[in-house]
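The task is simple: from the sequences and hints, build the whole structure.
There are 6 protein chains.
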Amino acid sequence: MSRIICFGEIMLRLSPPGYLRFVQANSFDATYGGGEANVSISLANYGMDAAFVTKIPDNSIGQAAINSLRQYGVNTDFIVKGGSRLGIYFLEKGASQRPSKVIYDRSNSSIATAGEGDFDWDFIFEGAKWFHFTGITPALSENVRKITEKACIKAKEKGLTVSCDLNYRKNLWSTEKAGKVMGQLMEYVDLCIANEEDAEKVFGIKAENTDVTGGQLDTEGYKEVAKKLKEKFNFDKVAITLRESFSASHNNWSAMLYAEDGFYFSKKYFINIVDRVGGGDSFGGGLIYALINQYDLQEAIEFAVAASCLKHSVEGDFNHVTVDEVKTLIKGDGSGRVQR
Amino acid sequence: MSRIICFGEIMLRLSPPGYLRFVQANSFDATYGGGEANVSISLANYGMDAAFVTKIPDNSIGQAAINSLRQYGVNTDFIVKGGSRLGIYFLEKGASQRPSKVIYDRSNSSIATAGEGDFDWDFIFEGAKWFHFTGITPALSENVRKITEKACIKAKEKGLTVSCDLNYRKNLWSTEKAGKVMGQLMEYVDLCIANEEDAEKVFGIKAENTDVTGGQLDTEGYKEVAKKLKEKFNFDKVAITLRESFSASHNNWSAMLYAEDGFYFSKKYFINIVDRVGGGDSFGGGLIYALINQYDLQEAIEFAVAASCLKHSVEGDFNHVTVDEVKTLIKGDGSGRVQR
Amino acid sequence: MSRIICFGEIMLRLSPPGYLRFVQANSFDATYGGGEANVSISLANYGMDAAFVTKIPDNSIGQAAINSLRQYGVNTDFIVKGGSRLGIYFLEKGASQRPSKVIYDRSNSSIATAGEGDFDWDFIFEGAKWFHFTGITPALSENVRKITEKACIKAKEKGLTVSCDLNYRKNLWSTEKAGKVMGQLMEYVDLCIANEEDAEKVFGIKAENTDVTGGQLDTEGYKEVAKKLKEKFNFDKVAITLRESFSASHNNWSAMLYAEDGFYFSKKYFINIVDRVGGGDSFGGGLIYALINQYDLQEAIEFAVAASCLKHSVEGDFNHVTVDEVKTLIKGDGSGRVQR
Amino acid sequence: MSRIICFGEIMLRLSPPGYLRFVQANSFDATYGGGEANVSISLANYGMDAAFVTKIPDNSIGQAAINSLRQYGVNTDFIVKGGSRLGIYFLEKGASQRPSKVIYDRSNSSIATAGEGDFDWDFIFEGAKWFHFTGITPALSENVRKITEKACIKAKEKGLTVSCDLNYRKNLWSTEKAGKVMGQLMEYVDLCIANEEDAEKVFGIKAENTDVTGGQLDTEGYKEVAKKLKEKFNFDKVAITLRESFSASHNNWSAMLYAEDGFYFSKKYFINIVDRVGGGDSFGGGLIYALINQYDLQEAIEFAVAASCLKHSVEGDFNHVTVDEVKTLIKGDGSGRVQR
Amino acid sequence: MSRIICFGEIMLRLSPPGYLRFVQANSFDATYGGGEANVSISLANYGMDAAFVTKIPDNSIGQAAINSLRQYGVNTDFIVKGGSRLGIYFLEKGASQRPSKVIYDRSNSSIATAGEGDFDWDFIFEGAKWFHFTGITPALSENVRKITEKACIKAKEKGLTVSCDLNYRKNLWSTEKAGKVMGQLMEYVDLCIANEEDAEKVFGIKAENTDVTGGQLDTEGYKEVAKKLKEKFNFDKVAITLRESFSASHNNWSAMLYAEDGFYFSKKYFINIVDRVGGGDSFGGGLIYALINQYDLQEAIEFAVAASCLKHSVEGDFNHVTVDEVKTLIKGDGSGRVQR
Amino acid sequence: MSRIICFGEIMLRLSPPGYLRFVQANSFDATYGGGEANVSISLANYGMDAAFVTKIPDNSIGQAAINSLRQYGVNTDFIVKGGSRLGIYFLEKGASQRPSKVIYDRSNSSIATAGEGDFDWDFIFEGAKWFHFTGITPALSENVRKITEKACIKAKEKGLTVSCDLNYRKNLWSTEKAGKVMGQLMEYVDLCIANEEDAEKVFGIKAENTDVTGGQLDTEGYKEVAKKLKEKFNFDKVAITLRESFSASHNNWSAMLYAEDGFYFSKKYFINIVDRVGGGDSFGGGLIYALINQYDLQEAIEFAVAASCLKHSVEGDFNHVTVDEVKTLIKGDGSGRVQR
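Chains as they are written, first to last, in full-length UniProt numbering: chain S, 1 to 340; chain L, 1 to 340; chain R, 1 to 340; chain E, 1 to 340; chain B, 1 to 340; chain C, 1 to 340.
There may be inaccurate statements among the hints.
Same chains, same names: a pair is fine if it fits in one copy or spans any two.
Stated by the list, open to error - Taking lysine-lysine and the DSSO-like style, the derived pairs with C-alpha atoms no more than 27 Å apart in a straight line are:
hint, residue 1, residue 2
1, 81, 267
2, 158, 101
3, 331, 170
4, 156, 146
5, 129, 331
6, 230, 331
7, 268, 101
8, 180, 150
9, 230, 156
10, 158, 170
11, 81, 327
12, 331, 101
13, 180, 146
Since the hints were derived computationally from the structure, they do not count as laboratory data.
Just so it is clear, the structure is predicted and the values come from calculations on it, not from any experiment.
Structure below.
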């Protein structure tokens with residue numbers, strides 16, 4: 001079984017219990033998460049050999065972050081210890097018309113202040129088959145941008161498939177900066193994952209001459225965006241997730257995969273949301289799993305969407321579902337009947 | 001007030017808090033439940049004299065199970081102490097497309113290993129009017145099958161009404177075994193309760209020549225199943241619950257009662273689910289209450305369905321609602337306005 | 001910034017966790033609330049100078065009530081200490097067809113037994129601009145009725161705007177008594193707030209000659225009620241909240257404001273309910289805020305309804321939302337997308 | 001097995017979790033307790049037929065109080081429903097030099113406002129052998145004083161043994177009032193239980209001519225108090241508990257029993273306190289159990305003290321220990337070694 | 001009532017529940033605290049007009065910190081909003097031989113990055129009588145050192161009494177740096193508070209020619225340290241707390257006050273520890289209260305020590321005790337008997 | 001780094017929160033533990049390469065047990081999936097004179113019903129240096145006894161050091177059976193660990209001709225027991241833990257190590273107990289660590305005792321302490337001062 005390497009930041013996530021607002025909280029539920037860490041967890045839960053690479057402080061909070069990965073089978077052997085702090089994000093869970101709210105406290109984290117010498121990519125990529133990162137990682141600092149670039153170069157040299165989730169974060173950089181940096185990195189990327197906003201935010205790519213006839217419009221628009229992305233960066237595949245937010249409690253969720261031979265649209269799910277954070281990452285994890293296991297493309301997009309549909313019912317950033325559970329949903333059983 | 005005797009297993013139910021998955025749980029909410037115990041609780045909550053009969057280990061966990069029944073007024077005088085363990089079931093609550101999941105750990109429980117000498121049915125049935133069991137109980141072990149049969153024989157001798165909820169459990173026995181054993185026991189049963197699958201699973205009875213014209217189909221199908229059941233086993237009444245599972249969060253819920261003089265269909269409720277386990281048992285409890293208190297049949301099925309509709313909003317196996325609360329719902333107030 | 005004075009009772013609110021029923025509770029979540037206290041919190045959360053006036057016992061429970069107000073910036077300088085107890089209300093949260101249930105234990109509270117000498121309204125109203133009370137307060141006791149009347153008289157003398165939320169509570173008094181007492185107090189009231197039932201319960205005012213043509217009916221009826229109220233008591237403005245209760249889990253929520261120059265209807269929101277208690281009070285708080293800050297009337301009713309829409313997603317009596325959050329919703333973003 | 005009847009008040013007890021102070025509490029642990037209720041629980045836990053008699057409001061909070069008794073096997077058949085509220089007490093757990101703190105909110109409870117017609121003592125005492133009450137009960141109201149007196153008269157008529165724990169509560173009455181009322185009731189009492197302060201507070205009885213030689217002093221003093229009590233009221237037996245409070249965390253605990261044939265002193269225990277409330281009641285429960293089961297007097301006082309020693313390690317008012325556990329401690333095993 | 005101004009940092013404190021270690025924690029109890037904030041809370045709890053001055057980020061976490069102060073009556077009007085984050089400290093509670101463990105994550109907090117223009121000391125000190133800071137504050141950054149110095153100068157100009165708790169924190173600066181900076185600031189200080197290590201760590205002052213005769217040694221040593229401190233910096237008073245740590249569960253606690261007219265030693269308390277953090281701050285708060293209220297010096301040191309003794313039984317950084325509770329302990333009642 | 005292999009059972013441990021008794025519990029804290037699993041955790045926490053070998057059911061509960069080991073770095077690659085259930089033990093935490101109580105529900109666990117073919121010891125021991133088991137494992141079933149024997153034989157063949165903690169469990173077998181089985185297995189054991197009772201219970205070895213002079217007695221007795229054990233089974237080393245149980249809250253803890261060159265006694269610790277379960281296992285883990293890292297024998301016994309002293313302050317079966325923390329305690333710092 002070949003290894004998938006995910007590189008990025010893992011943060012301590014602090015959430016008030018239930019639907020309490022920050023100002024009402026007397027305790028925080030403590031879990032860990034981050035774009036690429038979440039992907040590594042999905043893959044480990046599917047039985048894959050997934051390793052997460054980052055730098056964390058050499059204290060008990062850093063150790064707890066490592067433990068949260070090991071617990072679910074992620075390989076943490078390449079995690080570097082040092083630096084001064086673990087990034088934190090505070091998450092207040094929304095409901096109905098009140099949105100979930102994130103307060104980031106991630107500056108000066110161990111990974112954001114990591115140096116190029118901290119990671120020996122030759123060693124890390126030994127026996128690996130796939131490299132995954134997101135647009136969050138190069139945004140952390142100039143240093144991390146360089147490290148990411150180095151990793152990409154080395155990954156391509158070694159013949160790994162490279163995937164990137166654009167994941168634009170406005171707190172970390174401007175759209176201009178993002179566009180410039182990400183544009184350079186896209187050269188190494190085989191599979192590009194984006195949500196309905198990322199392409200525009202990062203690369204200014206949006207649908208132009210869409211056929212304005214009714215419900216088909218969006219679909220055509222996303223097709224166009226995917227096409228432009230593929231053309232511009234010569235991606236092997238482009239995947240776009242499609243979220244319709246009715247409220248913090250209910251969303252529709254589906255996605256599209258675009259490859260040489262055409263467009264693949266998934267089924268659409270109406271979701272009662274338990275925890276929406278990490279939804280996109282679970283899509284990425286599902287898609288990588290499906291592609292690495294050579295699912296055909298329609299199956300692949302269905303697997304990724306069903307997996308991330310289930311994520312919305314799981315607390316925390318991590319998607320704790322098995323391949324069997326995803327397949328059951330794909331086969332059409334979303335009835336929620338008790339499994340005895 | 002005449003007594004209702006319920007016989008079966010009561011288990012420790014261990015559930016992760018909220019919507020956590022098993023692998024995320026660091027604690028379990030501990031309650032108690034089981035098909036017939038749940039019925040006895042419903043009846044006690046309606047002010048009836050309900051006794052639950054079982055065997056539990058002579059330790060604090062067994063005592064806690066007894067206490068959970070006494071707390072709500074169930075008579076526990078006939079519970080036998082001995083054997084080695086209380087059965088356990090782990091319940092993970094589902095949401096949206098993710099189904100609830102049950103892991104049974106009930107083998108070798110005190111009741112499953114009970115002997116025929118443990119229960120003196122003459123004594124137990126003294127002053128009793130009704131005997132209730134489910135298809136789970138004879139499935140526990142050959143011994144318990146015999147005990148159940150003995151209880152049925154004795155109940156009929158003493159003129160009790162006997163009700164049985166088919167409740168097929170695939171982990172306990174095959175459909176073949178279930179069909180054979182239950183077929184023998186049905187001879188003693190006056191009121192047969194089943195959900196939309198049980199009749200087929202246990203007795204292979206399903207609708208055949210249904211009129212395939214639209215929405216009427218199901219209704220006709222269930223009528224046919226009820227008729228066949230009644231014919232085959234000469235039941236006095238047959239009740240079938242009708243669940244439409246849209247997801248683990250939303251269900252439709254209604255039921256049908258069939259007696260000599262015809263079919264009675266209840267109102268249908270659209271339910272936001274808090275805890276779905278014990279839904280069928282609360283239907284049984286409501287129906288027995290209504291029949292014992294000589295509600296007319298339409299009222300009876302409305303009471304049973306409204307009672308079990310409310311159960312879906314109550315945590316745990318037990319249905320904690322009063323007769324007044326059920327009647328308020330039947331009268332049409334499902335508006336959920338605050339009761340001050 | 002001019003001060004708003006809110007006068008009434010604050011109670012200890014005891015709720016079983018989650019959706020547990022009272023008989024299942026082994027702990028109670030402890031918060032504080034009460035009609036006018038809730039309004040004062042809304043205003044303080046909007047940055048206003050809001051003071052809450054009441055009498056509480058001189059013990060730690062009373063102190064905790066004060067602290068709960070201070071915590072969110074409400075001025076508690078005019079709260080009198082003495083008397084024997086803090087009123088309590090027990091709240092069981094409903095779900096689906098099961099309604100929320102309130103058990104009041106508020107008799108003989110410090111405020112209900114307060115004397116006229118306890119409050120020096122001249123002092124309290126110094127620098128104040130607005131006085132708010134609800135129909136609950138004069139219902140507490142004859143003494144408190146007198147105190148309320150005195151406050152109203154003094155408020156008008158000093159040129160304050162007076163608002164009153166009719167808030168009929170059947171446990172506290174009969175409709176007859178309410179009609180008589182409230183009728184007298186209405187003389188001092190500029191802004192009258194009512195829900196869809198209050199006007200009828202308190203003043204026997206209901207829609208009569210409504211145009212029975214379809215969906216317009218209700219609207220016309222409420223217009224008529226508002227007109228009659230205004231005519232009878234010469235109010236400056238009348239606001240009526242419109243709740244459609246589908247279940248304890250889902251409501252529609254909107255409102256109407258009536259002033260000299262016509263009727264203003266708000267947008268209607270479909271709400272997934274987290275905690276419905278205090279919904280009306282948060283409407284009052286939003287409306288007072290909007291009027292005091294001279295929003296035009298359409299904006300005012302939109303602000304009040306959006307604020308109280310958000311309240312339904314917040315645990316406890318208090319509405320913890322900011323002006324910005326309300327405005328975001330008014331502008332149309334109820335999509336619940338994560339705010340990073 | 002003859003029945004023991006305990007009469008008094010049961011209250012909702014609300015405690016902040018752990019060692020939180022009232023002003024820090026965002027939730028309260030909810031249990032139930034009261035002097036005589038606690039005794040009835042002790043007896044039921046020893047397998048005795050104990051009934052608790054009181055009046056509680058006909059609402060869910062009252063029902064939960066009943067359930068808390070039924071749960072542990074106390075007979076609640078004689079509990080009357082009605083009146084307006086269940087008494088409440090707030091308990092803040094102390095530690096080290098900080099004492100535990102109780103805030104009573106028990107006025108106007110259903111039992112305090114009960115009438116003489118509420119209790120049919122002829123019926124209640126049918127088949128009973130023992131009647132127990134404390135000094136708290138007649139202090140609740142004049143009505144309850146009369147009811148208690150009537151119960152005492154009837155109990156003696158029917159040949160029951162009567163026990164009373166003096167239990168002086170300064171919030172309920174003055175020492176003068178207590179002395180007068182309790183003096184009248186003592187006429188009916190066979191077993192008088194007191195702690196080191198009660199005799200002085202209620203009857204002004206304290207040690208006078210004590211031999212001032214060192215450590216013997218206290219012992220002789222308590223002997224003298226017991227003697228005086230016995231002489232004055234012609235008790236059959238007098239029991240005095242002896243608490244040495246080093247801090248809220250550590251106490252010494254022992255007791256003395258005085259009867260015709262002499263003084264019996266128990267072993268003394270050094271206790272790490274988990275929950276000290278109900279300590280005296282568990283002593284009463286242990287003593288009644290021992291006497292009713294005809295333990296010799298040394299055994300009886302050892303049983304009572306060992307039982308109440310264990311109570312200090314049990315959360316809540318109720319003493320959840322078995323006869324076997326008490327006996328194990330008496331036999332000398334207080335080593336706390338794990339029982340596997 | 002004159003105002004006391006406390007200046008420093010308030011942090012979010014995150015503690016695993018109970019005695020869990022960091023690596024076991026799935027949630028953190030969230031409270032707020034910091035040396036000077038803790039002092040302001042003590043003073044507010046004694047009914048003083050205490051204001052806390054700091055800079056916090058303009059987000060919900062910063063707001064929650066403000067609220068935690070307002071809740072207990074601290075004046076927060078002078079708190080400046082801005083900067084990027086609230087400092088955090090993680091606290092793992094120790095027991096027995098395992099020490100409590102603190103992980104600081106306070107770098108780049110809003111206060112540490114505050115500028116001199118953020119605080120208008122003329123305005124802040126209007127009507128104030130006392131200024132308090134600790135050695136932690138000038139250690140936060142060069143900027144904050146300057147701000148502290150400016151505050152000291154302005155405080156002396158305006159005739160305020162200035163107190164400083166040396167509070168050496170090795171994570172923030174070296175002993176050399178501390179000595180230099182604190183040496184300069186001591187010029188403005190009237191009351192110097194130190195624990196048994198601070199004087200040596202910060203100023204290199206330790207007992208030299210102590211009389212080596214047994215138990216007297218320490219006492220003489222501390223006298224000498226106090227003398228040297230007073231001589232060197234011309235303090236009006238020097239207070240030294242004396243902690244004997246037997247384990248994380250048990251400490252002895254006492255203190256000494258040194259003024260012109262001699263040495264005052266307090267009673268010594270043996271403490272069962274609930275939460276030891278903030279113990280020194282509660283001593284400072286008690287001492288300032290006593291001195292401002294012109295207690296004589298023996299009374300003052302007894303008040304400060306008794307107050308801080310009680311703090312060890314209170315969860316969180318803040319000392320929630322009243323003047324009456326402290327006085328009760330001083331009078332000798334540390335028996336922990338239940339206060340009803 | 002050479003691997004240590006631990007073989008045995010891991011169970012789900014269910015404990016009521018805090019000091020609640022079983023009959024009071026509405027939830028259970030869920031952790032995992034077992035004699036040898038606990039040892040493997042200790043070793044992993046010290047940075048060793050420790051593997052735990054067992055069989056667990058292929059369901060989420062089994063997976064959670066694996067995850068609890070992986071989380072802390074234990075190698076779980078050799079764990080076999082299958083069988084029907086994970087063993088459970090219920091633990092009620094004692095306090096003061098009330099002992100902790102264990103209810104086992106471990107029969108028919110996957111490991112107890114494992115077959116010899118489940119474990120390939122050649123493969124498992126590859127690269128391993130040490131094999132550890134306890135007297136619990138061969139007691140689980142005849143099958144497991146055989147498997148253990150096979151493992152011992154193979155371990156010795158491969159040159160591994162073998163350690164065994166006698167750990168007699170009376171619920172699993174008689175002393176006779178234990179003596180016979182363990183006697184056979186001792187042939188392979190190099191390091192024998194026992195507590196003060198095991199040697200007598202399992203092998204009937206107790207001190208005989210002890211010098212009855214005062215405090216030396218026990219010491220001499222334990223020396224004699226160690227000598228006899230060593231002689232009888234030709235052990236390389238014998239370690240005996242010495243617990244003095246004053247109560248469930250306080251114990252003394254020390255130990256003795258006996259080798260060719262003499263007896264080594266550790267320091268004795270007075271412990272305030274947080275969680276006593278796993279204390280012996282943490283001693284074993286510490287001793288193996290020290291010996292494998294070639295500590296001298298006095299250092300080794302000090303390390304093992306200090307490590308297990310700290311365990312008593314850690315919740316759960318697992319000892320979460322680092323080598324540095326143990327060394328700090330050995331150096332004499334048990335003062336519990338806050339580590340900042």
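Hint check:
1. 81 with 267: Answer is neither: 43 Å inside a copy and 35 Å across each miss the 27 Å cutoff.
2. 158 with 101: This pair counts as neither: shortest intra-copy Cα distance 40 Å, inter-copy 43 Å.
3. 331 with 170: Cα proximity of residue 331 and residue 170: across copies only (21 Å, versus 38 Å in one copy).
4. 156 with 146: So residue 156 and residue 146 pass the 27 Å test inside one copy only (15 Å; across, 52 Å).
5. 129 with 331: neither (29 Å within a copy, 48 Å between copies)
6. 230 with 331: neither (30 Å within a copy, 36 Å between copies)
7. 268 with 101: both (26 Å within a copy, 24 Å between copies)
8. 180 with 150: within (17 Å within a copy, 46 Å between copies)
9. 230 with 156: This pair counts as within: shortest intra-copy Cα distance 18 Å, inter-copy 62 Å.
10. 158 with 170: neither (33 Å within a copy, 47 Å between copies)
11. 81 with 327: between (38 Å within a copy, 22 Å between copies)
12. 331 with 101: Between. Shortest inter-copy distance 18 Å satisfies the 27 Å Cα cut-off; intra-copy 34 Å does not.
13. 180 with 146: within (13 Å within a copy, 41 Å between copies)
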